[in-house]
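> With the sequences and hints as input, model every part of the structure.
Protein chains in written order, with my numbering: chain A, 85 to 651; chain B, 77 to 532; chain C, 2 to 432.
Rather than coming from a laboratory, the hints here were simulated on the basis of the structure.
Predicted model only: the values in this text are computed from it and were never measured.
C-beta: ideal position from N, C-alpha, C; glycine also.
There's no promise every hint is true.
[Said to hold, decoys possible] For the chain A half of the interface with chain B, some residues (derived, Cβ under 10 Å), not all of them:
| id | residue |
| --- | --- |
| 1 | L257 |
| 2 | L471 |
| 3 | E483 |
[Claimed, not checked] DSS-like mimics (lysine-lysine), calculated; alpha carbons at most 30 Å apart, straight line:
| id | chain 1 | residue 1 | chain 2 | residue 2 |
| --- | --- | --- | --- | --- |
| 4 | B | K374 | A | K422 |
| 5 | A | K316 | A | K449 |
| 6 | A | K422 | A | K316 |
| 7 | C | K16 | C | K304 |
| 8 | B | K237 | A | K610 |
| 9 | C | K308 | A | K316 |
| 10 | B | K438 | B | K504 |
| 11 | C | K321 | A | K610 |
| 12 | A | K535 | C | K16 |
| 13 | A | K430 | B | K237 |
| 14 | A | K473 | A | K423 |
| 15 | C | K304 | A | K449 |
| 16 | A | K539 | C | K16 |
| 17 | A | K400 | A | K430 |
| 18 | A | K335 | A | K473 |
| 19 | B | K504 | A | K195 |
| 20 | C | K308 | C | K321 |
| 21 | C | K151 | C | K35 |
| 22 | A | K449 | C | K35 |
| 23 | C | K308 | A | K400 |
| 24 | B | K237 | A | K195 |
| 25 | B | K504 | A | K535 |
| 26 | A | K216 | B | K438 |
| 27 | A | K539 | C | K308 |
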Amino acid sequence: MPLDENAYETLAGIVGPPWVERAACVLDTYAYYQNPETMNQDGSQWLPRPAAVVLPESAEEIQEIMRFCSSSKYMAKPISTGFHTAAAASNDDTIILDLKRMDRILDIDEKNQIAVIEPYVRAIDLQTELLKIGLNCHIVSAGAMHSLLASHAAAWGYGVTGSSTSYSGRNLLGVEWVLPSGEIVTLGSAGSGSGWFSCEGPGPSMRGVMRGFHGTFGGLGVFTKCSIKLYKYDGPRSWDFEGQSPNYVLKEIPERSKFTALAFPTREAEKDGGYKMGEAELNYAEFRTPMFFTALGLTNNNLELKEALDSGLFPKFANHVLSCAFFAASDGEFAWKKKALAEILKETNAAPVPFNLSPSVGSLKVAGKLLAAVKDPLAPIRKSTRLQKFAESSGFGAEQRRATQSRLFWLLVRNAVNIQAAFRPSQGMATMMGAFDTWDLAHAQAEYSAKAKQKYIEQGLIIADGGDLGAGGTFENGHLGYLEGIIMYDPSNPASVEAVRDLVESGLRASIDQALGVPIAGFGVKANKELGPACYHYDRWVSRLKAALDPNMASDPLFYAEPEDEP
Amino acid sequence: MTAATAPPSEVLTPGNVDELRALVQHANQGGESLVVTSSGGPHYKDGLASAEPHRLVDLSSWTRVDLVDRRNRVCRVEPGVTYGTLLEALAPHGMTVPTPLAPRSTKSVLAAVMDREPSTWPNKQWDGSDPVGSTEFIFGSGEHFRTGAAGGPGSIEAQRKAGGAQKSSSGPSHTDFHRVLQGAQGTMGIVTWATIRAELMPSVEDPHLLVADSLDALIPYVYDVQRGLLGEQSFMLNAQAAAMLMARGDQTRFASLAGSLPAFLCLQNIVGFERLPEERLAYQRDDIEAHARRHGLKLQPALDPISARDLLSRSSQPCGDVDWRSETQGSCLSIFFLSTLDRAPAMVRLFTDCASEHGVRKQEVGLYVQPVVQNHGCHIELMVPYGSHSSDARTRMARLEEDAVGRLLDAGAFFSRPYGTAERIFAKNLGNFALIRQVKSLFDPNRVLHRGKWGL
Amino acid sequence: MTKRRLESLRTEMQKCTRCSLCKMVPMPTVRDAKYANACPPVNTNHFHAYSGGGLQVMALSLIDGRIEADEDLARVAFACTTCGLCDVSCKFIMEAERQDVILALREHVVAEGYGPRVHEAAIERLVATGYAHGAPSEDRLRWTEGLGLKSLPEQSAEVLLYTGASAYSEATEAKKARKLAELLVAAGLDVGVLEREPDTGIEAFWTGHRDAFESQAAKACDLLDESGVKTIVVTSGSHLGLLRAHYPRYGRTPSAKVVHASELLDELIRKQRLRLPKTIGRRVTYHDPCYLGRQSEPPQPWKGVEKMSHGVLTYFDPPKPINNGVNGVYEPPRRVLDQIRGLERTEMHRIREYSFCCGGGGGVPEAHPEVARTAAASRIEEAQDVGAEAIVTACHYCAQNLERWQDDARMPVLDLIDLVYEAAGLEGGAL
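Printed below as a string of structure tokens:
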């Protein structure tokens with residue numbers, strides 16, 4: 085429903101008239117998100133049109149808005165960059181709080197490696213400043229244009245540098261929280277006037293109710309400030325690039341840097357490799373790029389992609405690829421890491437994909453024919469460290485190698501080419517599984533996804549990507565791991581959309597039946613009802629929290645919880 | 077240092093989770109209060125003290141260590157498992173765990189980690205809740221829950237069959253209830269087991285000491301090394317604290333050490349693990365040495381009269397039945413809080429100034445500074461040993477504690493683990509405390525768990 | 002008709018994933034977080050609707066029947082300068098035509114009668130007189146006196162110097178045209194001007210008045226073709242983009258090759274037909290005009306089919322050529338400036354295909370002066386940030402907008418032609 089006049093006057097009185105919009109055309113730009121047709125039963129691309137969009141500038145303005153929502157029929161839904169359907173309103177009485185005007189980096193404490201930020205500080209904004217001083221932040225796979233506060237305080241947290249920068253939900257050091265009632269609470273040391281370095285305490289940590297593996301997605305008030313953990317970064321602090329969109333290339337590959345794609349011969353070897361590299365604390369970044377992603381990353385358009393896939397080469401060597409980056413602070417460290425990696429490659433019979441042979445699609449076709457009878461085109465490289473060294477440092481193919489390493493730099497360091505690239509093949513991308521525990525469990529999930537997708541691949545309803553499009557990697561030096569099963573579908577084809585719905589649903593059921601962990605899509609009212617009973621009724625607990633902290637339903641509950649009807 | 081308390085009317089020792097749940101449910105029906113312990117005594121902090129009538133639930137006999145998993149570097153412990161038991165269980169698997177500084181022999185691992193007690197191995201602590209993985213607990217209401225990956229779906233066995241290891245602490249879904257339990261000192265739930273993140277056992281170790289006349293002189297070095305995640309176990313002690321730790325209760329040795337040790341020292345362990353251990357150790361030592369040199373410091377394997385290896389060994393093992401802090405004189409005032417390392421010297425000076433007003437000389441104050449969470453913060457602990465038999469001393473220490481905590485609070489010390497008079501600590505963040513109350517009313521609606529603690 | 006055109010672009014709109022990359026430069030090019038944002042209306046107004054992605058969604062909403070054209074839609078749609086940055090940024094990660102949708106949306110809004118009123122007077126004049134600034138005066142060619150330029154089409158020449166009729170209405174443009182003419186003549190070129198230059202119709206183009214633009218473009222092309230020249234050199238970057246890139250999309254392409262002054266000057270300098278003996282000791286930065294840069298790529302005809310493979314992998318066979326802004330005119334102006342002795346040139350952060358729009362195009366200074374002002378201010382600040390003492394540009398809309406909002410003239414705005422004229426040692430000079 086359009087905002088009533090009283091409500092408009094109230095909101096305009098809080099933020100100023102220029103910052104309240106109720107024009108239908110504007111509101112619809114907050115009713116459309118990434119691939120929502122799998123969520124909508126009618127396959128529509130539209131989500132509910134909110135009652136209004138408001139752009140507040142401060143926690144105090146948000147406080148007043150929440151108080152208003154608490155005493156009216158309206159609900160609030162905060163969003164930052166809004167790059168996911170979870171940013172949507174659940175109904176037309178929801179007021180979207182677009183936090184774009186709150187975009188300040190408040191402090192970078194270089195010594196203690198802490199940044200304090202507002203909601204619309206994007207990862208690219210902060211990271212650009214941090215890399216200059218040898219620090220970095222954890223950036224999720226949505227890409228560096230995402231809101232850091234959203235990922236750390238309110239959403240998920242997987243990113244390609246998880247091996248060295250952990251998971252967003254584990255990097256939160258402090259948060260300023262406007263509760264649904266309008267009260268402003270700051271958790272942890274910041275709330276006690278001690279600085280922004282710890283979110284736990286005093287006593288029991290309320291961080292434990294403001295997010296978990298999943299955040300509350302705007303369903304329990306608004307986070308207006310947070311502090312996040314920063315990590316050391318030994319990569320290049322500045323760089324020159326050349327070239328033009330979309331192929332920007334580093335002029336030089338920085339010293340003491342290694343960008344590589346490691347092709348393991350089997351899943352077991354890939355699993356072992358992940359654990360071994362983790363224990364050796366090698367990787368700065370790591371991203372599993374199974375064959376479809378490898379082909380996607382090496383091609384510039386979908387015809388090239390098709391031809392690359394048709395060559396038949398990629399499944400032969402790229403089913404189990406980990407794209408990695410590692411850096412070192414000293415020559416000694418770098419030498420050790422290289423030696424350790426060489427050992428691990430030998431132990432797992434893995435080989436670095438030779439970037440200097442990054443061929444054109446034309447030559448891929450030829451190579452595909454020539455190597456049709458060859459099971460493993462990388463076999464010679466697996467056996468010979470000399471060939472590996474040649475591939476890594478020879479003048480032959482040096483430009484191709486630099487170009488491919490540059491792509492890995494943009495992916496693994498700058499997060500400039502992440503998830504968005506996955507929309508190129510068919511404009512539709514969905515995910516299933518993706519629970520967070522061990523690297524072995526991650527692969528079990530990827531195996532399930534691959535099997536489940538097969539029937540729809542055979543029916544031609546989703547992209548024949550080899551089945552296993554498990555994307556992810558290890559976290560915290562191999563202590564943890566995850567893989568989410570990517571599905572590429574056609575959003576304009578109802579049968580394709582239905583296939584995705586079925587797959588996500590089956591993934592949820594398999595998570596329950598086969599103990600595969602709480603999936604990445606395991607949040608929100610609907611999913612909580614299904615998963616909760618299998619997980620000690622966490623759904624009831626979040627409903628109770630919702631009832632306690634948001635008795636007047638001031639926050640849009642859809643992607644969190646509704647209050648439980650207690651007997 | 078405690079207010080008036082009542083002893084428990086009874087000590088209960090349930091044998092398993094079902095019995096424990098039954099106890100809790102019974103307590104709910106009968107309006108009783110339960111206080112839970114898992115460590116053996118003597119207890120040094122007042123965590124168990126309760127002014128309300130209560131029964132004590134003692135889980136110290138739950139001593140199972142299982143699900144030891146080398147591949148995923150994790151294990152599971154019940155409440156009564158001590159550090160000695162755990163280290164012994166992990167050693168054959170080539171693993172170890174970060175430990176607090178010389179925990180007493182009867183200290184429960186679970187109690188320590190649920191209290192967010194700092195370990196001496198900061199670069200293995202990625203998050204404030206580490207090394208806790210998943211947990212199982214009973215709410216004050218008697219409901220049963222598991223946190224982290226153990227939260228489901230599926231049984232432990234089914235999860236393991238699928239490849240899981242109950243390692244992740246996050247979840248299930250929107251919840252991170254383990255964080256609510258940590259630091260709650262038994263007011264929110266009763267933990268019946270926890271998985272603990274383990275680390276590889278070093279194959280080779282080369283610990284060193286760095287010494288300085290001031291804490292300020294050590295801090296820049298610590299920042300550099302910790303930022304690079306170099307080295308392993310590391311912490312700082314002043315001469316008094318080092319003497320307290322190394323004297324092992326021998327008064328003569330204590331006096332000698334306190335008189336001869338340098339004013340401040342830093343332990344720096346450097347290791348190699350399973351892969352290319354000697355070479356790892358070599359490059360790490362080179363890099364750490366370079367940092368030391370840059371700050372005018374030197375890595376020394378030994379000082380006269382202690383060696384780094386001795387200090388490492390002493391700090392990484394249980395210290396004995398009596399806490400090392402109290403070994404010297406029988407009791408010890410211990411004030412600890414979190415801050416950032418750069419503010420440590422000022423906090424220490426504030427305390428020593430306050431202490432001198434209470435007749436405590438600077439040399440009597442023991443100092444332990446421990447980087448935590450990969451040095452994103454640090455634990456600062458100020459200790460004054462005293463004779464527990466002297467009521468004058470007890471009174472003086474109580475007054476010092478009252479005064480010093482107030483001043484430290486005003487100066488920004490973060491008492492994240494409140495002991496003693498906690499009211500003023502919680503008063504620094506009333507909004508947060510209001511949330512705690514609300515959560516308590518959900519987790520323990522009948523106030524069964526440690527009724528009255530912190531006014532809850 | 003306009004709605005049908007929008008409907009034909011449905012697939013493009015639906016490709017939007019609401020990632021917000023359209024609000025910023027392609028991420029690999031971010032050097033300084035302060036200059037990562039590059040969408041003028043979003044920088045000013047913040048609501049998502051103002052972005053390239055927002056405009057896609059509003060267009061989709063319209064063809065889905067969820068909204069109608071109205072004043073609100075016009076308000077948002079015409080805050081866009083049509084600079085095309087969103088098109089370039091989006092194409093960094095996917096193949097989607099953002100600019101086509103934006104232009105079609107604006108045309109539809111105008112066709113429905115909701116175009117901004119402030120644009121109407123210029124369009125009425127264009128339709129009535131053939132000139133958005135009104136019929137030219139009798140002495141419109143005064144700036145050519147004494148230069149010995151050929152009068153086209155009566156006479157014939159190699160090169161047509163075409164100001165897009167800007168020299169008729171603006172004294173600075175007339176002066177600039179004269180300087181260019183002198184340079185070309187000095188280089189030995191056979192130069193002519195049209196006895197009566199046609200208006201390019203740019204005001205109609207970028208304010209969504211499609212019919213008026215198509216009609217004017219046809220008339221302009223007739224006159225340009227009548228001139229019989231092989232080469233047309235334009236003085237303003239905006240005209241280069243219009244003639245080279247957008248005229249062909251709207252049905253007509255001049256027969257002659259169209260170049261910008263910087264391209265021709267670059268060629269003449271390299272062939273040593275023009276020398277630049279004078280030193281100009283100044284530290285400058287070059288502002289890439291949108292329509293000289295990313296908006297100057299001619300459409301690439303494509304004949305092919307869309308196919309599917311591997312299930313639902315869609316591809317174009319042959320691949321559709323994508324105009325992602327990289328083949329705009331970037332090097333010639335830079336080479337020209339680098340040939341000027343003593344001139345030190347420093348690059349800003351947002352350059353080339355990801356240059357930041359000055360705010361001067363799209364009818365924005367008239368309809369949304371606040372957007373124009375804040376864009377100009379941002380650009381000037383950026384120039385200061387890189388240590389420049391002056392901004393050099395090659396488009397009169399850029400020059401006007403960058404100058405207009407400076408109360409204190411703290412950053413002089415120079416035209417490339419003026420600088421070259423000065424460096425060539427011809428009388429007068431830019432400084």
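> Confirm or reject each hint.
For each hint, the structure was consulted:
For A/L257, the interface hint holds, since its Cβ comes within 10 Å of a Cβ in chain B; the closest pair sits about 7 Å apart. With a cut of 10 Å, the hint placing A/L471 at the interface with chain B is violated, because the nearest CB-to-CB distance is about 23 Å. Restraint check, A/E483 versus chain B: the minimum CB separation of about 33 Å is more than 10 Å; hint violated. Straight-line distance between C-alpha atoms of B/K374 and A/K422 comes to about 29 Å, which keeps the hinted pair within the 30 Å bound.
With a CA separation close to 43 Å, the supplied pair A/K316 and A/K449 exceeds the 30 Å bound. Among the hinted pairs, A/K422 with A/K316 is consistent with the structure: their alpha-carbon atoms are about 20 Å apart, no more than 30 Å. Restraint check for C/K16 and C/K304: the C-alpha separation of about 22 Å stays at or below 30 Å, so the hint holds. For the given pair, B/K237 sits about 28 Å from A/K610 by alpha-carbon distance, which is consistent with the 30 Å threshold.
Between C/K308 and A/K316 the CA atoms are separated by roughly 47 Å; this puts the pair beyond 30 Å, and the hint is violated. Pair hint B/K438 plus B/K504 holds up; C-alpha atoms about 28 Å apart against a cutoff of 30 Å. For the proposed pair C/K321 and A/K610, the alpha carbon gap of about 42 Å is over 30 Å, so the pair is violated. A distance of roughly 28 Å separates the Cα atoms of A/K535 and C/K16; the hinted pair therefore holds under the 30 Å criterion.
In summary, the hint linking A/K430 to B/K237 is supported, as the alpha carbons are separated by about 29 Å, within the 30 Å threshold. A threshold of 30 Å between alpha carbons decides the hint, and for A/K473 with A/K423 the separation of about 12 Å falls inside it, so the pair holds. Proximity of C/K304 to A/K449 is assessed by CA-CA distance (about 24 Å); at most 30 Å being required, the pair is judged to hold. At roughly 26 Å between alpha-carbon atoms, A/K539 and C/K16 fall within 30 Å of each other, so this suggested pair holds.
Proposed proximity of A/K400 and A/K430 is supported: the alpha carbons are some 19 Å apart, at most 30 Å. In summary, the hint linking A/K335 to A/K473 is supported, as the alpha carbons are separated by about 21 Å, within the 30 Å threshold. Between B/K504 and A/K195, the direct Cα distance comes to roughly 26 Å. Compliance with the 30 Å bound is thereby established for this hinted pair. Between C/K308 and C/K321 the alpha-carbon distance is near 12 Å, which keeps this suggested pair within the 30 Å criterion.
Restraint check for C/K151 and C/K35: the C-alpha separation of about 50 Å exceeds 30 Å, so the hint is violated. Taking the CA atoms of A/K449 and C/K35, the gap is near 45 Å; set against the 30 Å cutoff, the hint is violated. For the suggested pair C/K308 and A/K400, the alpha carbons sit about 26 Å apart, so the restraint of at most 30 Å is met. Restraint check for B/K237 and A/K195: not satisfied, since their Cα atoms lie roughly 44 Å apart, outside the 30 Å limit.
Among the hinted pairs, B/K504 with A/K535 is inconsistent with the structure: their alpha-carbon atoms are about 55 Å apart, more than 30 Å. About 42 Å separates the Cα atoms of A/K216 and B/K438, which puts this hinted pair outside 30 Å; it is violated. Simply put, A/K539 and C/K308 have alpha-carbon atoms about 22 Å apart, close enough for the 30 Å limit, and the pair holds.
In the structure shown, a violation is registered for the earlier hints numbered 2, 3, 5, 9, 11, 21, 22, 24, 25 and 26, in ascending order.
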